[in-house]
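Participant: Spelled out from the first residue to the last, the chains are:
Number of protein chains: 2
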Amino acid sequence: MYRSHTCGELRASHIGTEVSLSGWAAKSRDKGFVVWIDLRDRYGLTQLVFDEERSTPELLALARTISRETVIQVKGSVIERASKNDNIATGTIEVLVSELTVLNNAKLPPFTIEDETDGGEDIRMKYRYLDIRRNPIKNNLIFRHKVAMEVRKYLSDQNFIEVETPYLIKSTPEGARDFLVPSRMNEGQFYALPQSPQTFKQLLMVGGMDKYFQIVKCFRDEDLRADRQPEFTQIDCEMAFVEQEDILNIFEGLTRHLLKEINGVDVAEFPRITYDEAMAKYGNDKPDIRFGMEFGELNTVAQHKDFGVFNSAELVVGIAVPGAANYTRKEIDKLIDWVKRPQVGAKGMVYVKCNKDGTYKSSVDKFYDQEDLAKWATATGAQKGDLICVLSGETNKTRAQLSALRMEMAERLGLRKADEFAPLWVIDFPLLELDEETNTYHAMHHPFTSPKPGQIELLDEQPGAVKANAYDLVLNGNEIGGGSIRIHDKETQAIMFKHLGFTPEEAKEQFGFLMDAFQYGAPPHGGIAFGLDRLVAILGGKETIRDFIAFPKNNSGRDVMIDAPATIDNEQLSELNIKLDL
Amino acid sequence: MYRSHTCGELRASHIGTEVSLSGWAAKSRDKGFVVWIDLRDRYGLTQLVFDEERSTPELLALARTISRETVIQVKGSVIERASKNDNIATGTIEVLVSELTVLNNAKLPPFTIEDETDGGEDIRMKYRYLDIRRNPIKNNLIFRHKVAMEVRKYLSDQNFIEVETPYLIKSTPEGARDFLVPSRMNEGQFYALPQSPQTFKQLLMVGGMDKYFQIVKCFRDEDLRADRQPEFTQIDCEMAFVEQEDILNIFEGLTRHLLKEINGVDVAEFPRITYDEAMAKYGNDKPDIRFGMEFGELNTVAQHKDFGVFNSAELVVGIAVPGAANYTRKEIDKLIDWVKRPQVGAKGMVYVKCNKDGTYKSSVDKFYDQEDLAKWATATGAQKGDLICVLSGETNKTRAQLSALRMEMAERLGLRKADEFAPLWVIDFPLLELDEETNTYHAMHHPFTSPKPGQIELLDEQPGAVKANAYDLVLNGNEIGGGSIRIHDKETQAIMFKHLGFTPEEAKEQFGFLMDAFQYGAPPHGGIAFGLDRLVAILGGKETIRDFIAFPKNNSGRDVMIDAPATIDNEQLSELNIKLDL
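Line order of the protein sequences matches chains Y and Z. Quick note: the first sequence, position 436, residue 615 per the working numbering, numbers continuous. Quick note: the second sequence, position 285, residue 464 per the working numbering, numbers continuous.
Just so you know, these hints were derived from the structure itself, not from any lab. Certain hints may be false.
Note: identical chains are not told apart, hence a pair may lie in one copy or across any two.
Mimicking EDC-like on lysine to aspartate or glutamate, the simulated pairs with C-alpha atoms at most 20 Å apart in a straight line are [as the list claims (entries may be wrong)]:
#1 K687 with D748
#2 K646 with D614
#3 K305 with D695
#4 K286 with D695
From just these sequences and the hints, can you work out the full model?
Facilitator: Encoded structure:
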């Protein structure tokens, strides 16, 4: 037995007890006649004490040699602390050590194992096992476990069955890039790692499993953006004999359960807005609604004067930034520079200060009088003291730019509060999305998404206008889940594949098994998938996912700790019947 | 809303209620004036009724067109059945249908969707989604979910944290073959899929996670034996600051919890035997102890006469097969043929019939008298009426042969009862195993297993004699879990790698990150991993794992349903900087 208690367990009620503890020497203080060591494990810190009066000289001498992160075991008795520490749970006691054993020595760690460490991202990743000893990372991983347990509990209680789907599947080249796995036993052939268990969960519905879920790793070989990982975890769900309403209710329930159990927050019924509404109001299909600053469209009130920029614009649109009328000329210029950065891409910005006295001062006073500007204020909901920021141009681009500005201003004003949770459903997504480069349509959600009833006829004439039975769950400006009602008959699926540019042969080659399955009695079905990494981060009050993943990869897809990927033996290549082609 | 109730839900108490149901038409009977359809979903069967008196002619006509596996929705009222069916939960009621909607048509399935199907293994795998509709497979998957939930519940309650470890890791060519994944972003380099999260869970212990578990997919590119899968699921566990005893206790607790919660069986404390004892008593390191037939070594009582076969044998060993003394000469000859099959490999078999009258009749009466044979009976524990079967030869081979015979006889005698559970721990495994082909030693468990204290010095002189802190959990003749106390210091690990034939450079190249980690304060730790597929099958009273896996692969590693692996585009190959080399 290495320990009778953990380092987070002892309290005043244990005073007088003989205990044994094991852990890491977190910190020590040597006052000459007395030495204290903070002993740390996953559960907490316990102060150990050695002194000239009560410890043998050998023991005291040994205690002095214990450097940071040494793994030790001690025996001793729990005593009351002279100076209590209210900041830690064990702060009323300490352990007077009678026996000290070094279980393993430790080199000086490359960064401090403290909540606020001196280690940068790179070194923390290389020594991730040391980083995990730090409370913030350790607690994130424990938090993630709790979230996953609650997800399973909720769904299992709702009669969902977790079914494991295979990891070695078949490549489907449309969509994102697959990771491929050469098959040794089937020469010249490859498996692919799943981008999601989409087709398998649909087959489970054909198989009558009725309610399926799985917390499962998925893989995408994409060029990684800042906060993406080549392998990521999904809460993948599917239900049979459901309409959109059934799915929204169940998974609103799941999300509410998590917010309640994990965050202790009660959330009212989730608002629902359509995709079109979200784009018009927030310029974004995953709006953060913890704060206002809804878009006010100004075309009708701004396109009647001689201001050519607005008159030639497809869209003139503004937001009222609360309390920002006192921005100086310099601050506003910096803001204009900000929207003109290539990442945002606006050509410029018109502003209106809504003065406290009810007057307006704008950058376009030459063209617009006070009465005009009052209409802008009404359209944007601006109050006295607000700053109206107006962008104009092509509709989609302008909305995206104003959305970026809206988020930036919210960030600056501290309106994106980590402990506030504002979920909403965005529904009625378009079925297809135009790829402007190739001028072809591809599936906005995926090729298995069902068009709205009666809209399939529109596919030929107005493909971009067809709406899907597709929905996203948005939390605090992040898409945490997305799903759809699926196509469940072979004919509709064939029409979809045709519109996505598949030849009948390609469709059969890649998805023949699914279309075959639809012929043997496929029930109506639909589902949703949540990104667990992001969900956990947001529930944890953060937006970066990396510190909620035990062993993340960097932006080049490398694990710098184990140094993977790596070159391999020629023998291994030849067994797989492949060779390098650099 | 597709349904107000499931097909397994309605009872006599619902009589008079208007309901809607959805599901598959499992079966229909047409008596002319009345048509019954059994409507099936995951939850059960409900009988639908249409008749000339109460249904419209159109409805009755439509009902007659519904073929097997058609997906339908009905509305109607719950009525009492004229002839009740005690075999199903809904057997007291039926639904008088007022509205029938065909949700999806179904082609005739290639095999019957019945508990006993007419479909062979191949066709069932090709149409696995139809196979899953059958109760035996569906119930296995639900059973698997329950087992996994109970595992998580138990371990989480014991303060274990489920941590997800990466799937894209680094190849370690010793041990089994890895599946490899070419990296597009890191040209010429490859990830490997994990054979187990072994090194990561050890790093989590270095990271202070203290108690880790994960239900996780693992991958081995081996030539597949009958009941192996290239991807399989492990319950992977690790604990810090533990000795073997702590681990045995915790996971005996887990197994007992599962037997109680899942099977309703209370099991006493698990017996523990050493590896050496298991080999001597059962010829097998995973003995089935649901029945006796323990080995009796006969060297001392059989090597004093002129029977050259025994005198020249390293081992003479027998078992007493209960009640088999009445085997005819012909039956015994067949048994001798059975042990001489190449799969078993014995050269012959000596037998002794222990007659009811206390006399013995053996195939070696020429050499042994009644007194000799009585000693054999004592050594094998044979009773009157038993048949003693004796094999001889080289120790290891003879034990393996007699073990095969023991299992075969138990099978024939019905002693391997699926609803009886006899777990045991096999401990003190050898650290190293001699590979007779290459005459080199390799790790019996894995290179991270710790030798027994004080035995590391034996490594040079008697490598085969060194015992490890390694243990297996055996249930009904199957290894369901195995683990060890790990090495936790760099020096010992380096010695192990040396003895396994690694150069220091190779050790550093492949496991440098782990040996580095050991220098920063690694705690003593150990763990265990359970094979979930097999565990679930055994708890479910079966020994083949395939029907407890939703989408298994065949013996060539193929998924015949989706037809994977498959050839891929040259474009995909070239993006990955590889080409085929057939």
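Participant: A separate judgement is required for each hint: does it hold in the structure or not?
Facilitator: Here's how the hints hold up against the structure:
{"no.": "1", "hint": "K687 with D748", "verdict": "between (37 Å within a copy, 16 Å between copies)"}
{"no.": "2", "hint": "K646 with D614", "verdict": "within (17 Å within a copy, 64 Å between copies)"}
{"no.": "3", "hint": "K305 with D695", "verdict": "between (48 Å within a copy, 11 Å between copies)"}
{"no.": "4", "hint": "K286 with D695", "verdict": "between (61 Å within a copy, 10 Å between copies)"}
Hint compliance for this structure: no hint is broken.
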